[in-house]
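*Asks:* Assemble chains B and C onto chain A, guided by the hints.
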Amino acid sequence: MTNPLLTPALTHWGIARASHMRYSGRMDTSFTLTPRQAAELEFTPPRPGKRELLVIAGPHAVSQYMLTLAARMAQRGRLRVLDGGNRFNAYTVARELRRSGTLDQTRALSRIHVARAFTCHQVLSLLENSPCQKAPTLVIDLLDTFYDESVNLEERRRLAHKCAGHLRRLSRYATVAVSVRPPRPPRTDPTGILEIIQDAADQFVFHQPQDSGQMPLLP
Amino acid sequence: MGRTLPSITMAFLQEQESFNRFRRALRRSDQLVLDDLFASARQHLSAAAYAAHSLPFESFLLAMLIEEHKQVLQLRSMLEDLLAERGNKGS
Amino acid sequence: MADAPAIERTGWFLDIYPHQHDGIVIWFLGEDGGRYRLRQHFPVTFYADGPTPRLRLLWRHLQNMPLKLELSRARRRELFHREPLSLLSIQVNQPAELPPLFHSVARDFPDLTYYDSDIQLALRHAAVHNTFPLARCRVVTDSENWIKDIKTLDSPWELDAPAPPLRILRMRPDSDPARLQPGSLLVNFERYAYRLALKPERPLLVNLSAILTRHDPDLILTSWGDTWILPHLLECSRRCGIPLPLNRDPGCGVAHRPEHTYFSYGQVIYRGQQVHLFGRLHLDGRNVMLWDDYELEGSLEVARVSSLPLQTAARVSPGTAISSMQILTALRMGVLVPWHKQQAERPKTALEMFAADQGGLVYQPITGLHHDVAGIDFISMYPGIMVHFNISPETAGARKPKPGKLERIETPGMGDEPGLVPRTLAPLLGKRLAFKNRLASTPRWNPRCKSYEARASAQKWLLVTCFGYLGYKNARFGRIEAHEAVTAYSREALLRAKEAAEDLGFSVLHMYVDGMWVKKPGVRTVEDMQPLLETIAEQTGLPIALDGIYRWVAFLPSRLDARVPVANRYFGVFQDGSIKVRGIEARRRDSPPFITNTQLKILRMLASAERAVDGASLERVYELLRRKLRLLRAGAVPVSELLVSQKLSRELDEYRVPSPPARAAAQLKAVGKTLRAGQKVRFLYTRGEPGVHAWDLPMPPDPSTLDFAYYRELLLRASVSVLEPFGVSRTKLEERLNGYTQAVASSLFTSGGAGLYAPQTFAAATQDSTLPKWSQSKG
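Chains as they are written, first to last, in our numbering: chain A, -5 to 213; chain B, 89 to 179; chain C, 4 to 782.
Bound conformation, chain A alone:
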């Protein structure tokens, strides 16, 4: 690939010319989608106040997206976060708040109420003990603990059904956004647990990022 401006005539004037293009570094061209580009994706981001159950599946349980979403929601009001996969990085949320110009970090951060579950039984317990409220609920990585094979499959499926029931209950009062990561290899879900959650959702999005496409947040 040669530069068409470097004609043979020019080379006599001491201009160095690479014999062939060889740039080893990665070009740093990070960019964000414009709202219009985002709209082109078949995905409607959660509208504040809309009562629905949204389930997003993607690598790393789309945790970056969920944390950013949490930050945005915290700017508007209270929210409840259930962390099922040890992914709630509070620093990320704080950085996102700062980036979007929050004046009162402290206030915004205190609006987010986080509880963590480390086993699938605890996930159910958290959901069982969550009262219905107007504030939205985010569940990050709902199914991580459900992929733990030390609990037998029947039991995990039973718990998943119950969780789905509670998620639907909560979604009658406010937005509930749930993220899951698909099980590792193979692509399809042999346990059927993801399907249980999928069936309960009003909206289900499977996010497979090509490159740096970011998902739209709030309109």
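Everything labelled a hint here was simulated from the structure, so no lab data went into it. Beta carbons are placed, not taken as given, at the ideal position from N, Cα and C, and that holds for glycine. Any given hint might turn out to be false.
Stated by the list, open to error - Distance condition first, Cα-Cα at most 25 Å in a straight line; then the derived SDA-like pairs of lysine to any residue:
1) Lys156(A) - Glu355(C)
2) Lys154(C) - Arg42(C)
3) Lys344(C) - Arg41(A)
4) Lys158(B) - Ser187(C)
5) Lys128(A) - Ala570(C)
6) Lys604(C) - Ser561(C)
7) Lys202(C) - Ser187(C)
Claimed, not checked - Partial list, derived from the structure: chain A residues whose beta carbon lies under 8 Å from chain B:
8) Asn80
9) Tyr85
10) Leu103
11) His107
What the hints assert, rightly or not - With beta-carbon atoms standing in for the labels, derived distance ranges:
12) Pro53(A) - Ala77(C): 25 to 33 Å
13) Ile154(B) - Glu189(A): 54 to 62 Å
14) Gln127(A) - Pro534(C): 53 to 61 Å
15) Ala196(C) - Ser95(B): 50 to 58 Å
16) Ser187(C) - Leu147(A): 44 to 52 Å
17) Lys676(C) - Asn146(A): 27 to 35 Å
*Replies:* This is chains B and C only, laid out in the frame that chain A set:
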């Protein structure tokens, strides 16, 4: 096992990384100075951790400043000693 | 059952297990030298909780079962709720019938909550009778060996319980089965030594059978017994039709447990398959925790304090042992033991996470060489905090811990009564402290020292885990808030200790979780340190001890960047000449012995210097290194000393890019030896591809293929680690070793100039050691 929040070292490295574009656009000699500043901040990670700020960069900046000032104080005292010595020799 | 006279015996409790018809079987080692198989009626109970209609259904379901059960309603307390629950109580007459019954009930009624349903028999027995392995007891039995009464005369917390006269038989193959197919079995019993050829099989079995019958050991100690000897013998016995009296109990088969791999503290641990006996105890030295350092004593201590049967106690992880201790405490307290841990975290705000979710305090060290330094440690800090401040799953989390205040948390609804975890740990901690005192006052030549050390280590091993177990997801009584409360208190305690030190004129060089290094010119004797120790103990409420006063200590920076301090990476010499090393090659188990031994030798040479390491002692170090390098170059270093031993961090097929141990494991797999995640692979570094040669391959490696250049590199790196604080950089070392003056790369140093930026070499701290040392730039 229970730790969800990244350690202060990880938070530090993330902050350092977020300045990679800034660093790239500096002259090479200035890049080294910047590296030194970041390295000096690592002397006080424990204080930054204990401070538990949601945006820890301010703690890191203070740490850099502490180390800078220590250098100034040391230089100042060395200078004073030198001048005193020179003064003694002169008289 | 006529009025047969009762028989009273005194002796030691050896083994306990459930039996199909005899309730439970207890093997008893009588004072009279007899080994008795006793039986005891011991019904066991579990509970179910749920909506009343469901419980009624369960009741009817159970009534229709052929088993003999006693059903009733009961009120029992759960740990986190003060109000007792109303439950269905299910009592099973024969303990052996409980696991299958529970299994089927849980399958048919999965929505109910179950308690006390999967508890080890030994723990249930201990809760009622206070028994534990090798406890001294008095039993009263009838003429048919049914126990009428049992009284334990001994306590697990006894410091000097006399050991029972165990009959111990040792067995090992004449070679490592992983390396070479063994030819004979070596058997020892007291002064008898036998060598039995493994083939032909019939005579082997007949002879071994005779040996077992004749000597009737209580304990069989083996090497590779779990993974090779016993499976092999059992297979031979089955094939030849000759029974082997491995068990004392003729009615029982031998219990097998499969191999498995698990994660613990970020480490992958592998446990080989297990073979448990009945009436006799089998321990495999290669598959037992704590064996390398403390052999039988360590395992005995774990069994003693946890009440788990010896064969189990020796093989379980410390987490399981601690969990068992907690279960035992719960049983004694009358608290229900949940089957699945339900308690999830109470929500906290994102803001609170920053302060709460931290670990222990780590104060970066001031790197370089220091004198007049003392090391002080909180003894068993985290357990101490749990006990002293009453931090337990049911106490923590009730209220947010107040930073800056170190006060005892009250158990809700129980006033001054300690919570479950402090109650469990207090006696163990007390025993550990008592042993530590003993060790401090026992001279090293006393033979009891080894035993004290073994037991103190077992206790420490358990205590260290109990913190992790406080928040561990599978712990029955874990709670993340308790975990966080402990770290909050520990950070507060360390900060107070720092303040106390600084108030008394010390400067704090380094702090790491539960230890600190303080410096003050003129610090020489224990008396110099006493005021500080007392102040800290008073300010924090926790016991603190002097680790030692150093002649000198060097804190090392990061290998990648010498400007960056690294915690817990240092070496130093105490006043008594002993060396303490952390975080460098000599402490790493995967380093080749050639490297670690040389590094230790260098350390010892440096250690003999009183204050300053002079040119003469450095010269001796150079001479040592020159000699070692000559040996290496000449191929005169025994290959076994160049062995690297690393763990496989995952299953072979899970590697995307195989690491050196993975490549070695692949070589072994190609010859039919499969290694699992968590197992160690031994190999040598070779030139070219694949760069490694596994050690246990049938073909020994060709010595000329060894990657001497890489071993040289490793040796030099390890040497520079310990020499750098004394002003010897890698360049300087190369210079000295090669014997020619190398023009010091001017790109590494800038002499003056460059304005404000004039780095110096990393050198021994001379005057003001509180200032950080600049180091060579990478410019």
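*Asks:* Broken hints, numbered, in rising order?
*Replies:* Those not satisfied are hints 1, 3, 4, 5, 11 and 12.
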